[in-house]
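Throw the hints in and build the complete structure from the sequences for me.
Chains as they are written, first to last, in my numbering: chain F, 1 to 558; chain Z, 1 to 558.
Check the hints yourself; a few may be wrong.
Since copy identity is lost for identical chains, a pair holds within one copy or between any two.
Computed list of lysine to aspartate or glutamate pairs in DMTMM-like fashion (alpha-carbon distance at most 20 Å, straight line) [stated by the list, open to error]:
| id | residue 1 | residue 2 |
| --- | --- | --- |
| 1 | Lys539 | Glu56 |
| 2 | Lys258 | Asp39 |
| 3 | Lys539 | Glu29 |
| 4 | Lys396 | Asp511 |
| 5 | Lys103 | Glu237 |
Don't read these hints as lab results, they were simulated from the structure.
The primary structure of each chain is shown beneath.
There are 2 protein chains.
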Amino acid sequence: MSTGPLRIVIVGGVAGGASAATRARRMNEQAEIVLLEKDEFVSFANCGMPYHIGGEIPDRAKLLVATADLLRKRFRLDVRIHSEVIQIDRASKVVTVRKWPDKTVFHVAYDKLILTPGASPIVQNLDGVGSTGVFALRNIADMDRIRSAVDALTGTQRKAVVIGAGFIGLEMAEQLASRNFDVAVVELQPHILPPMDAEMVVPLQEELNRENVKTYFGSGLSRILHDKGQVVGVELENGTQIEGHLVILGMGVRPNTKLAIEAGLEIGKTGGIATNEFQQTSDPDIYAAGDAAEYLCYPQNQRMRVPLAGPANRAGRLAGEHAATGRSAAMSPVMGTAIVRVFHQTAAMTGLTVKAAKRAGLECRSVTVIAGQHAGYFPDAYPITLKIVYSPDTGKVLGAQATGRDGVDKRIDVIATAMAFGATVRDLAGLDLAYAPPFGSAKDPIHQAAFTACNEMDGLGSMLDADADLSGWQVVDVRTPGEIAKAPITGVSKVSAIPVDDLRNRILELDPAKPTVICCGVGVRGHVAQRILLQRGFKNVLNLSGGVTLRRRAVPEK
Amino acid sequence: MSTGPLRIVIVGGVAGGASAATRARRMNEQAEIVLLEKDEFVSFANCGMPYHIGGEIPDRAKLLVATADLLRKRFRLDVRIHSEVIQIDRASKVVTVRKWPDKTVFHVAYDKLILTPGASPIVQNLDGVGSTGVFALRNIADMDRIRSAVDALTGTQRKAVVIGAGFIGLEMAEQLASRNFDVAVVELQPHILPPMDAEMVVPLQEELNRENVKTYFGSGLSRILHDKGQVVGVELENGTQIEGHLVILGMGVRPNTKLAIEAGLEIGKTGGIATNEFQQTSDPDIYAAGDAAEYLCYPQNQRMRVPLAGPANRAGRLAGEHAATGRSAAMSPVMGTAIVRVFHQTAAMTGLTVKAAKRAGLECRSVTVIAGQHAGYFPDAYPITLKIVYSPDTGKVLGAQATGRDGVDKRIDVIATAMAFGATVRDLAGLDLAYAPPFGSAKDPIHQAAFTACNEMDGLGSMLDADADLSGWQVVDVRTPGEIAKAPITGVSKVSAIPVDDLRNRILELDPAKPTVICCGVGVRGHVAQRILLQRGFKNVLNLSGGVTLRRRAVPEK
Chain F
1 MSTGPLRIVI VGGVAGGASA ATRARRMNEQ AEIVLLEKDE FVSFANCGMP
51 YHIGGEIPDR AKLLVATADL LRKRFRLDVR IHSEVIQIDR ASKVVTVRKW
101 PDKTVFHVAY DKLILTPGAS PIVQNLDGVG STGVFALRNI ADMDRIRSAV
151 DALTGTQRKA VVIGAGFIGL EMAEQLASRN FDVAVVELQP HILPPMDAEM
201 VVPLQEELNR ENVKTYFGSG LSRILHDKGQ VVGVELENGT QIEGHLVILG
251 MGVRPNTKLA IEAGLEIGKT GGIATNEFQQ TSDPDIYAAG DAAEYLCYPQ
301 NQRMRVPLAG PANRAGRLAG EHAATGRSAA MSPVMGTAIV RVFHQTAAMT
351 GLTVKAAKRA GLECRSVTVI AGQHAGYFPD AYPITLKIVY SPDTGKVLGA
401 QATGRDGVDK RIDVIATAMA FGATVRDLAG LDLAYAPPFG SAKDPIHQAA
451 FTACNEMDGL GSMLDADADL SGWQVVDVRT PGEIAKAPIT GVSKVSAIPV
501 DDLRNRILEL DPAKPTVICC GVGVRGHVAQ RILLQRGFKN VLNLSGGVTL
551 RRRAVPEK
Chain Z
1 MSTGPLRIVI VGGVAGGASA ATRARRMNEQ AEIVLLEKDE FVSFANCGMP
51 YHIGGEIPDR AKLLVATADL LRKRFRLDVR IHSEVIQIDR ASKVVTVRKW
101 PDKTVFHVAY DKLILTPGAS PIVQNLDGVG STGVFALRNI ADMDRIRSAV
151 DALTGTQRKA VVIGAGFIGL EMAEQLASRN FDVAVVELQP HILPPMDAEM
201 VVPLQEELNR ENVKTYFGSG LSRILHDKGQ VVGVELENGT QIEGHLVILG
251 MGVRPNTKLA IEAGLEIGKT GGIATNEFQQ TSDPDIYAAG DAAEYLCYPQ
301 NQRMRVPLAG PANRAGRLAG EHAATGRSAA MSPVMGTAIV RVFHQTAAMT
351 GLTVKAAKRA GLECRSVTVI AGQHAGYFPD AYPITLKIVY SPDTGKVLGA
401 QATGRDGVDK RIDVIATAMA FGATVRDLAG LDLAYAPPFG SAKDPIHQAA
451 FTACNEMDGL GSMLDADADL SGWQVVDVRT PGEIAKAPIT GVSKVSAIPV
501 DDLRNRILEL DPAKPTVICC GVGVRGHVAQ RILLQRGFKN VLNLSGGVTL
551 RRRAVPEK
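Laid out in structure tokens, this is it:
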């Protein structure tokens, strides 16, 4: 144990470590603060790395946000790079450090220890995985190597395979395509962005198709094909072979918890270092933050890993404050709010999807609307598809997902903000959002979704899920004949086509005793028709959620 | 009183009236619903009118959102245009209607009456106000006339004067400039966007300057100059004459309350029709919504007029539901969230400004940050200036204002959403917002502002307002010499220039007993310096809010 001023030692600079160190310094000018980083760069913008590879961020130096030099001068931090912590002695409060490349060992005493070791890409032990041209993207050195490979490959060699269609995988696919690579994306799950609900990701899948990015689903990587040590492709478990001189492994990350486990710190249920609301581990003198730690998550109210930069920054900052002063605000619950751009489309989510809610054993309902990001009469209105998941009993919002060209980030941030206060769909219906034609609508997509959910809760009209089996239903399509011809409803053999404006006059064509589902373009006219039928003696009338537009995503045309 | 089915009569289609009528129909298929509109168009997108004049919305038909024909066919509404309600007989529940242009009179009985008469532009009774080329913009006919005038004026006649630099005035100025008019804007208050705090609007003022829109402040309109009945300019009360063949009167609106007043309905303190949470007036069978009604406003908790389209739509909708069924959700408090685009800049606000809080007698503090709308290392990062007004006791957020190129709408919507739940700045600090380089930062401008406010509340460093009188202060500029040379701090005679990274070494150059203010670029390094000095024996150290960037907006260079 040190005997002089308070000594704070931080393990790992990137995933919240620099935030912890600089906050600790601002809180405590006298403390000795040691920042140990096993790599060369103590802090860098890891979220920006795909964009430097793709050339969208041409200047590499821009990613080196807080250099060791700046941290030393401005924050008087004792920054030591190439310094890997290999052991924690909790009894004597000393860490053992191995210095690279010479492998000498030294010791650093601590009063407070902050673990921000981050996570490492999952790399399966497959045949050929060590071939030239096979990469995972974890740090600046990886980035540099990938960028060099991208620059070096020419002609027919400019073919890449990205393993994993998660957020990072799709960023890499986009950026490699922008460098004129033929890109294939391989995903074990049946669709891109596996954390999202299947029908929600269709607009991004279509964008990938338009941009000639090939996708392969439902089969994992079996082996890497190579020729004289150079990767030439991959083979999937189903036997499919895909050509590629560049392979990016983007199958997710594994928390760097070895050090914590060996030190006997408690590990949580999801495999991250267990922490309390001040990011203290089971040893109150040791904190953890970033991708290796667990956070209290909303709305599950469970402690889970969330490998995202935002929570890492906030958690690091408050761990640094608490370590330096013995007090801080509590870490706010994390909802896993995440976003990705794929060419001209964006997908974002917060909280629980329907499938995650079901997995968590939570009863849920969902509502999906498709509406412009701003007033429809204003130029460049593009549809946002917004799905809100809520509790049928209380209306509490459990999560949201959105896709679209513009304004997706705003809607998800607004809903994530509302969720932080335990909002219900009724609360969302009353939000006072900024409106002028270039920015929104008097009835925002959030309002429209909330109105629909409130209608359902108030017994004014229930929705039917877009992928529902419609056999046995009386299906009424209330669109115009022209609309129906262009995009018929899928997965249905018999449809009654009655435009909504004719419905009152032609109501006798329908059987009021039959369970009836209405469909229209996106669900707006469907609600009008539903209300007419419900008030004219029809017993069971549902409105198809998201109309035929969403139906055709959920149940593709054969 | 009618004796058949429930009869709902709605007065005015635009400001929430169509929302009320269509919701009433969806709730009650049997009711008779009469929509009386004194003009030709029963529903149109009035917020879009400036953009049709400017040509950004070329197709006029796009503004006619819900035509009378559609409302009749789809919602079975009894729509009567050119029908002006001139009297309400509350005892017999009958309205008297004058039909234009023949001025015949008829009567309509009601069970429930919904008043959505909107507001009218304020037109002062000035010499020359009736000249050709002088317009207010209230309805489609006005829009058509202005557009014709814009098309007809040629050469040196293409000069316009917009009276009023509020939200609509600036939209008109932008659109006329885009039609190659020389545009002058006249504002009685000392700056554009008078509802906002003065230093906040500077980026938009600079944008107007760049686009050659002239602005005149502090003097009202005295008379309209005309020649043979055609306007040729205006004269201000200070004698200034401004040339112009087109004059747009955009001095705000007056609620159309004459009918309600004559019917003896209660009028609220701000001159709008008083309503309860279901939009019922003092007569429970009469509802009011839209620009003529008052709403409960947050955070003042007072009932006020808010002439904005969003609340009008929501209030109309719930008035229609309550009239049709006797029940509805309560209207959510309104925060006056508003937004305007001015060329490439945007300004938005919600809740109270500092000056509004002071006027309301509420103690407040504010914090202002200037930070990119997304990661600084990603291309096209532009600064957002974000000001959050909060209660110093509780940290409760009272309001926010923002300006910038992109992402202003998102930040204001997020804060408006948080305010709906009574959020404090501590809540804002913990928001889990979506982050990827194209969309935000791991520390969003909202987080940065909230962190700063929390620091102040926790006694970790107070801010000094950007426009403060700095005489008597020890002013320490911690920027680099190069930055200081480019943009020196304004309104200060003596400055100690010590770069933040040298501060610890050069601390003896400063007097710890003197009240000290730190300034830097935007306030980030200032906080680091402030913490160093506060922990090294300096008694009173403040950080200049928004740094020299905001200072130079609040205290312009002489």
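task: With 20 Å as the alpha-carbon cut-off, assign the pair Lys396 and Asp511 to within, between, both or neither.
output: neither (36 Å within a copy, 56 Å between copies)
- request: Using 20 Å as the alpha carbon limit, work out where Lys539 and Glu56 are close: within a copy, between copies, both or neither.
  value: For Lys539 and Glu56, neither the intra-copy (57 Å) nor the inter-copy (47 Å) Cα distance is at most 20 Å.
- request: First find the shortest C-alpha distance between Lys258 and Asp39 inside one copy, then the shortest across copies, and answer within, between, both or neither for a cut-off of 20 Å.
  value: within (17 Å within a copy, 75 Å between copies)
field: Intra- versus inter-copy proximity for Glu29 and Lys539 (alpha-carbon distance at most 20 Å)
entry: So Lys539 and Glu29 pass the 20 Å test across copies only (15 Å; inside, 72 Å).
Intra- versus inter-copy proximity for Glu237 and Lys103 (alpha-carbon distance at most 20 Å): Neither, since 40 Å and 82 Å both go past 20 Å.
Comparing the model with each earlier hint shows violations of hints 1, 4 and 5; every other hint is respected.
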